[in-house]
Amino acid sequence: MAAARPGGDHRSVNDKLEELRAKRARALEGGGPERIAQQHARGKLTARERLALLLDDNSFQEMGALATHEETDFGLADQRFPGDGVVAGFGKINGRRVAAFAQDFTVLGGSFSRVQSNKISRIQDLALESGVPLIGLNDSGGARIQEGVASLAAYGEVFVRNVLSSGVIPQISLILGPCAGGAVYSPALTDFVIMARGTSSMFLTGPDVIEAVTGETVTIEELGGSEVHEARSGVAHLVAEDEREALELLKRLLGYLPQNNNEDPPQVVPYDPADRMDEALNSIVPEDESEAYDVRDVIGRVFDRDSFFEIHPAYAPNVVVGFARLDGFSVGIVASQPSVMAGVLDIDASDKVARFIRICDVYNIPIVTFVDCPGFLPGLDQEFQGIIRHGAKIIYAYCEATVPKISIVTRKAMGGAYVAMSSRQMRTDVAFAWPGAQIAVMGADAAVRILYGRLLRSADDPAAAAAEHVRHYREMFFNPYRAADVGQIDEVIEPRETRPRLIRTLELLRTKVQQNPPRKHGLFPV
Amino acid sequence: MDDLGFGLWVTFVGMGLVFGLLVALWLLLSLALRFEARGPGAADERRATDEARLATGAAVAPAPERIAIRPTDGGPPPEPALVAAIGVAVALHAESRRLQAAPAMRSYWPGSLLFASRWVSAGRTRQSQSWHRRPR
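Sequence lines, in order, name chains A and B. Going by this note's numbering, the final residue of the first sequence carries number 919, and the count climbs one at a time with no gaps. Going by this note's numbering, the final residue of the second sequence carries number 141, and the count climbs one at a time with no gaps.
Next comes chain B alone, as it looks inside the complex (with noise of 0.2 Å):
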């Protein structure tokens, strides 16, 4: 009869424990998702979408119609020729650089391995080696 009460009574500790535990981390998980609750939430996130497209709107939005050049060191400011003239030569270079495919136009870094996967270098390596003496 001892034994019996003794069982039960390990049982019950044990068990205890067990849900014990079980409870214990219930309220921090409750805790830490209060927590986490407080941060940017859906709504915000939204909000701040917006906001970003509108910035970006403002970027690319057309410039004004007549944009004013005035010299830093308060001298004349230049002939409208001439600033359409490094306009179109900025402009040219540009295309220049584009067409020559130079860094600042590229989007990636000729010989890395950002765009050629395993799958495309595993198989050009076996393009190149197709003959592989049969082991013995």
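Just chain A, same shape as in the assembly (with noise of 0.2 Å):
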């Protein structure tokens, strides 16, 4: 047996695991049983448990669990918890490999450390130069302000990882709890946000800032609930009813995109018969121009079976974007929604459509349009607003896309709102109209009452003269053949037909490889 060196750790080997094991198991408690059962109280899960929940079993390796913060202030040095709030490694979900952290709000409050920052930065660094996506579920009540400005430096770390990383491997945030001050910036630079209601909460500045400062008296629910970032902010992509909801719209949200930017996203064994036809597409569309209907209708029945998922359902309900599968193949869909404001665009729409697109190009997801869009919303409140810059983010996106991309007009299309949404000159690669198709500059009143104004204000029968005119543009425009004849549109198809011509076009475009002029970064109009 070798004598122990002078000076040096006399224990044995056993009390050395003794002491490991120990350590773990110390690590395993987290805040301890007491905060624990508040935790279950409050009707959330702890992070261990959220893990456990969202991995495969026994597929979760973690790293930095024993690490500890080195402060002694404020009480600090008796606070010592092994992995200090966070629990941080990959793991794979679904068989596919991830990089997950954990804010323990059982420890310290989930308080955001240096400690933290590290372990969570290490994974983000691994997960980069892997490839794997990275998930972060967060729960914690803010900075650590015990640590003063290291804690905000802290922040700075993860914000530039998540800034590196974006369009690389895909980010997914989930908001179970509290998510305050500067920690709702990482998660606002993730690729998708997603919250669980009534437990969860975003804001910057908290209800008692707000009130010392602005007079307003707010609650944490009214201010950054699940309702404010889901339906006005747009902050939250999907809002779950709870935890395990959340969890698993992440799982299923995973299976839409890659494991980064350079591979496809998962292709699905098809389930759905290619050729299906469905014959009630051909009169989805009412005949009365002026009568509302769903697009989700029609995306339910061109689109693989049940596949639709959609992002932002409550966000700018105007339009719809969201992911399917075609054939078992991922595809994004953006769509107007003539039932609601009849499908215009305004700038929460404009955002929102922006926005799916460059992830749907960042991570090889064909695009697929359909249009029935009478045009921008008119008005001062959008005008002062800055409609022209956020609609002008549309037109950006579609034109900066690399991805196949393909357009149906199932109505209307109309002026701008036209040209933005993926016309030829978008760099769309196949346009489709349905027969019912209006594609024209604006609508046919306003358009004779620009053109023959004099002439009708000169008229014997103004209203009779007008009606001619009317007549007359209608079937001048509105109808796909006459941008048909000009090469804006491709092919005019039958609705039921619409699947299948998905389908083929997409199976030729699976290959499509484009590039855009080598720059540094263009001039998103933000």
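Everything labelled a hint here was simulated from the structure, so no lab data went into it. Cβ coordinates follow ideal geometry from the N, Cα and C atoms, glycine included. Treat each hint with caution, since some may be false.
So the derived label-pair ranges between C-beta atoms look like this [to be verified]: (1) B:Thr77 - A:Leu413: 42 to 50 Å; (2) B:Ser122 - A:Leu413: 47 to 55 Å; (3) B:Thr130 - A:Lys409: 43 to 51 Å; (4) B:Tyr113 - A:Gly915: 29 to 37 Å.
Make the complex out of the two chains shown on their own, each in a separate frame, by following the hints.
Here you go:
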């Protein structure tokens, strides 16, 4: 038996192993049974419980489980917990490698520290180098005030990695508790934010600060609850009824995304016939053009059965965006929603569409656009808030995107909205139109007023003359054939043919490669 | 004159060897074809395909109206409601797996190069690194 060196560790190997095991057991306890009970009482799961639900069985490899902070001020010397309030590592979701971290609210309120930052940054680096998605489960009271500026710098370390990973690996944030102050910017920099109703909130400045500064009284839920970010701010892409559903949504969302920007999303074994033609599509658009229909019905009948996964369902509902499958392949859908505000494009809709197009573009997901849009929303409010700048985002995003792009004009495609919504000039690969498509610079009544205003004023019967001109204008432009004549529409198709047409077109375009001019980056009209 | 005779003789022997080898090769090929013909012929292949189709048809033929479930341990048969619930649970699980693109439902493994052609791989590389310093 070798003699222990003077001054060295005199304990046996077994003692050292016991120490390690004890530390590991301590790390598994998080903030202790009492804090865990409090967490459960709030209707929330612990960080480890969440990761257990999220990841495949026995797939989690933790990193930094025993790391603790070195602070001694403000009583922190007595509050050292292995892991320091975050569980981080690698695992698998449905067999796919992911990096994941979960903030542990039971440890010092999940407050963000230097150790947390180091652990998260470490898996961010490894995820980026390995080309695997990054999942963040956020549940933190904010920065660890006791650490001072170091805690703020710690945020910066995570932000910069979020930005460098943007468009390279999918980054998905789940907000499962409070997320306040500077902490909100990390989820905001990721690709998708999923919130849990009732238990999660996001805000920059809390109700107390708002009351002190502006005198406004507001609750946390009113300020940054899931309803606010789901429908008004658009910060949350999806809202689940509870944490378990949020984790299920994440798994489903991941099923449409690739591991990184160089790979393709997973293809599901086709389960819906590629040549299926739905007769109901031929009559889905009402004869009366002022009558609305739900574009989700169209999507449901065209794409693989039950495969539509809507993003931002409550935000800017006048457009619908989401993922679906076509013959098992992942596709992105952008669609005007005629049943809400007639499907016009406003500021929020423009932001929603532009962001979604860019997500599809970076992750090699083809884009299918359904157009039934009477134009951009007119009005002082929209103009003052910059509808020009926001509308330009759609044009920029479509033009910049190099993935396969297919458009289908189902009914109205008017003016600037026609150009913006995936017209041929937006580098759309194939443009289809249904027989009822109306592609024109503007509506018939307005066009006749401009073109024949003087003649109508001097006519014996202005109403009859206007009606005649309107009829003529409609005959000229309110069909897809004029646009097809000038090459703006590649093919006028029966609505029921849409699915097989899309599948065959995407089969051709699956190997499409297009390059943009070399540049540092474009100036997106933010 | 002797030279001419020798020349003719050599020509005869050379040509004879060449033609002899050609005849031997022809015989060899004929023999090989004869053996080949003893394998499954076109008619056999058709028959095999028909049988396979029939077998497939049998596999997807509609199930009998009532399926008797007998426990292997000889106990009482399970409640029909339980069997139905298990059936629904299995179907829902399969649907959930499909929605999440789980391994059993995937056509290929994410990250594999089975689908991405070299054209696509090279194109994506160019998309990411579209700028190259001009060589001096």
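Evaluation of the provided hints:
In this structure the supplied range 42 to 50 Å holds for B:Thr77 paired with A:Leu413, their Cβ-Cβ distance being about 47 Å. In this structure the hint that B:Ser122 and A:Leu413 lie 47 to 55 Å apart at CB holds, the actual value being about 49 Å. For the hinted restraint 43 to 51 Å between B:Thr130 and A:Lys409, the CB-CB distance of approximately 48 Å keeps it satisfied. A hinted range of 29 to 37 Å for the beta carbons of B:Tyr113 and A:Gly915 is consistent with their spacing of about 33 Å.
Of the hints listed earlier, there is not a single one the structure fails to meet.
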